Amino acid sequence: MIISLSLLSLVGAGEGHRAWAHGVQIEYQATQAYEIQAAYDTGTPMADAQVAVYSPDEPSEPWLTGTTDAQGRFVFSPTTPGNWEVQIRQAGHGDILVIPVGDGGAGSASGSSNSYTPLQTGLMIGSVLWGCIGTALFFSRSIKR
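First residue of the sequence shown? That's 616 in the working numbering, and the numbers climb one at a time after it.
No lab work stands behind these hints, which were simulated from the structure alone. Just so we're clear, the structure is a prediction, and the values are computed from it rather than from any experiment. Among the hints, a few may not be true.
As the list claims (entries may be wrong) - Listed next, with one range per pair, are the computed distances between beta-carbon atoms: (1) G681 / W745: 43 to 53 angstroms; (2) R756 / A685: 52 to 62 angstroms; (3) L679 / G638: 19 to 29 angstroms; (4) P677 / A751: 44 to 54 angstroms; (5) F754 / G717: 51 to 61 angstroms; (6) D684 / V713: 52 to 62 angstroms.
A virtual CB, placed ideally from N, CA and C, is assigned to each residue, including glycine.
Could you build the full structure based on these sequences and the hints that come with them?
Written as structure tokens, this is what we have:
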């Protein structure tokens with residue numbers, strides 16, 4: 616498996632793309648197959664993470680399942696054009712990456728990135744505002760003395 620991953624990574628020089636998730640960074644590179652790179656926010660690879668690949672023809676049943684290698688890599692070759700979904704999970708962390716595959720196969724790839732949920736955005740804005748208010752109150756207290 617490791618030898619085939621090395622050989623597949625040498626074939627072609629596709630452009631890498633990223634997707635962000637809660638505590639996870641997942642990348643893929645288009646070659647004759649798709650090489651997916653999964654890592655935590657710290658950069659630590661998601662070694663032995665569970666992977667499920669869903670084809671556009673049958674999105675409810677996994678087309679392929681497996682695990683990432685020690686470097687957090689997983690390789691698969693799509694058979695039909697369409698939006699392929701790759702789900703990677705480990706220890707409560709994970710994400711779903713959608714890889715659009717054109718008629719030309721693996722060569723026509725573009726990445727997609729997940730944005731923050733409205734709850735996450737609101738929490739971040741509230742935290743920044745609360746920090747600004749707290750800082751202003753702290754400094755106004757020392758001016759009065």
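Hint check results:
Taken as a hint, the range 43 to 53 angstroms holds for the pair G681 and W745, whose Cβ atoms sit roughly 44 angstroms apart. For R756 paired with A685, a C-beta distance near 53 angstroms keeps the hint of 52 to 62 angstroms intact. Against the hinted window of 19 to 29 angstroms, the Cβ-Cβ separation of L679 and G638 comes to about 24 angstroms, which satisfies the hint. Checked against the hint of 44 to 54 angstroms, the C-beta distance between P677 and A751 comes to roughly 53 angstroms, which is consistent with it.
At roughly 57 angstroms, the beta-carbon separation of F754 and G717 lies within the given 51 to 61 angstroms, and the hint holds. Distance hint check: the CB atoms of D684 and V713 are about 22 angstroms apart, inconsistent with the given range 52 to 62 angstroms.
This entry does not satisfy hint 6, going by the numbered hints stated previously; all others are met.
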